[in-house]
Structures are given as structure tokens and as C-alpha cells.
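Participant: Can you build the whole structure from these sequences, using the hints too?
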Amino acid sequence: MRVGQNPAKSIEHVPEPARVTVALLTYIPFLSGYYAESLEVLKTCLGSLWENTPQPYDLMVFDNASCSEVHTYLQQAQEQGQMQYLVLSDKNIGKGGAWNLIFQGAPGEIIAYADSDVYFYSGWLEKSMEILEAFPHVGMVSSRPLRTPQVYYTSTLEWAQKEPEATLEKGQFQSWEVFKEHNDSLGVSEETARQWFQESHDWRVEYHDCTAYIGAAHFQFVAPKSVLQAMAPFKMDRPMGQVRSLDQKLNEAGYLRLTTSEPLVKHLGNRLGESHLGESAPSTTDNIPQQGGNRGAPLRSRRGAIRRLFNLPPVRRSLLWLYDQIFRLYYSSRT
Numbered sequence: 032m033r034v035g036q037n038p039a040k041s042i043e044h045v046p047e048p049a050r051v052t053v054a055l056l057t058y059i060p061f062l063s064g065y066y067a068e069s070l071e072v073l074k075t076c077l078g079s080l081w082e083n084t085p086q087p088y089d090l091m092v093f094d095n096a097s098c099s100e101v102h103t104y105l106q107q108a109q110e111q112g113q114m115q116y117l118v119l120s121d122k123n124i125g126k127g128g129a130w131n132l133i134f135q136g137a138p139g140e141i142i143a144y145a146d147s148d149v150y151f152y153s154g155w156l157e158k159s160m161e162i163l164e165a166f167p168h169v170g171m172v173s174s175r176p177l178r179t180p181q182v183y184y185t186s187t188l189e190w191a192q193k194e195p196e197a198t199l200e201k202g203q204f205q206s207w208e209v210f211k212e213h214n215d216s217l218g219v220s221e222e223t224a225r226q227w228f229q230e231s232h233d234w235r236v237e238y239h240d241c242t243a244y245i246g247a248a249h250f251q252f253v254a255p256k257s258v259l260q261a262m263a264p265f266k267m268d269r270p271m272g273q274v275r276s277l278d279q280k281l282n283e284a285g286y287l288r289l290t291t292s293e294p295l296v297k298h299l300g301n302r303l304g305e306s307h308l309g310e311s312a313p314s315t316t317d318n319i320p321q322q323g324g325n326r327g328a329p330l331r332s333r334r335g336a337i338r339r340l341f342n343l344p345p346v347r348r349s350l351l352w353l354y355d356q357i358f359r360l361y362y363s364s365r366t
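With my numbering applied, the sequence shown corresponds to residues 32 to 366, in that order.
Bear in mind the hints are in silico, worked out from the structure with no lab data behind them.
Distance windows between CB atoms, simulated: (1) Q107 / Q229: 39 to 49 Å; (2) I357 / G304: 21 to 31 Å; (3) M32 / Q273: 47 to 57 Å; (4) P195 / A67: 51 to 61 Å.
In this text, a Cβ means the ideal position worked out from N, Cα and C, and glycines have one as well.
Facilitator: Structure below.
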């Protein structure tokens, strides 16, 4: 039996969603080991988004079974009106499962997706939207130049080569500093990154007075929701490691995969390091006067030797394997 009428019936209008939904995916199962700084990375990510995105947007955060500290932070942010949609999953459904829900549930016609370890610079959304709207049949635009495997952008390259109104150039247009910055965030050694840089190249394309680089990345992109929905569902049986399926599907469907010509986002990884802005921070050790002369030097030397030992490939592989087994033992039931 119902008593009275639902007051909601008197509401004649509800707010329209913003054209752009910024969607972040988080997964921080605990705050130690690999994830020790991940909550601070998440806070830095969201802080940069709020500070450097003046355009209208709705914010959706999908949390893939993070720990209680992360849930508390996200719920407080929503209560303060800093995000419009918050989804808290009680189990890790993987990136593919999260994408299925985000791409179907985001209310905007444009989805600006990012992992929760991305730093946003001023102009990131404006420049990405400019490319999205200037080029035809765009599948995704990442907000920094990247050199990705050509197998995932053959359709883009073919279009640029055949389109009479497009100007295509091949060369070393991306600076070493920009290339190195991204590879540093992936844990790639400088020696390896330098070799990749020298052996690879950029594709730059201009179309209707708008310049972009060819290639895009699934860790951050802006895309039409209708295109992403057409790519779904994503069937991934592991939490990570199969995310290239989005790149592959877009390429096979003939969509363009492009990036901005300047770095407007930065991949932070699992720690802030010296500076999340990419600037060199002063050392907090070398500038501290040591009592009794240079007594701190032997300790720093021993730490340096231990660090070099741990970075030897056989030792590093063994330790990472052990860490992986411990992680699976304690947290496999949550995924």
C-alpha cells in the first residue's frame, strides 16, 4: 500500500549530462609494496584534472576493488561535489570488464578515459577535442605523442597516404626528452629507451590546418562513445595484459588512432618520483650537512651497491617473480 504521492513526480526537468564524460579507472588493493604511493598518485591525478580542465565535463570514477582507504577518499571527494559518478566494485573485474561498464554507462557522447596514474596538463582536453573533430572517422586521440607498434595503426597510415587533403611526414619530430619521459614511467632503462628512440620514428599528419601524430595509447584517450560501444564487449580473462584488444579492434574497423603533437598528459606510474610535473627536484640527501665530515658517504655507497645488485637482470627477474607469487597467494581470491 502506498501513502501519498512520490514527490519526484513534481520534478519537471532533470539536468542534462555534459557532452564529455571524463572516466577514470582505479585499482589499488593495498598501500604497500608496488602500491605504496598509489593513493598519492591518484590524488595527484585527480588534482591535475580538476585544476587543468576548465571545459564542462562530468567525472566518472570506476574503482575496481580497491582498499578501504581509497574508497574513503573517493567517497569524500564525491560528497564534496568533485565527481558526478562513483562506482565501487567489490571485486576486480579486470580492465576489460570495467571498460564494458564505463563505455556503456558514461552519459556523455564523448568519453575521455584515463588510468588513475595520469597527470593532466592545461589544454589536454581542448587540443584532443580539436583533433577529434577535425579528422574524419576518428577512433581515439591520446593527449601526448607516442610511438606505438605500427600493426595497431595501419588503417590510419593508409588513410593519410591516400587522402589528398592530408599531408603526411615521417621523421624524428618527437624530442628525446618527451620520448624518455614516457619510457621512464614504464620502468624502461635509459639505454633501452635510447635504442628504441634511434630505431623508431614519428608519423606527423596535417589535415584541414590541424596537426596530429599517428598512434594512440589505451592508458589515456578521448573517443566518441558510439565508437567505443561498437568495440565492446571486451572479453579478457586476466586483469591486465590484454588491453591491446581495443587498439586492435579500432584499427581493424578502420578508425583513425591519433595523438596531440605536444605532451599534454603524463603517465606517472606507481610513484611520483622526483616530481609529478617532470621537473628535477633537489636531492634531499646530498644537500644535508653530515655531522663529522662526509660520514654519510659510505652508507650511500652501500645503498648504491645494493641497488645495482637488485637491478641485475637475473636478480631483478627472480625478485619480481617472488613478489608476483606472494601477490597471487594473498590477493588472488579478490580478483
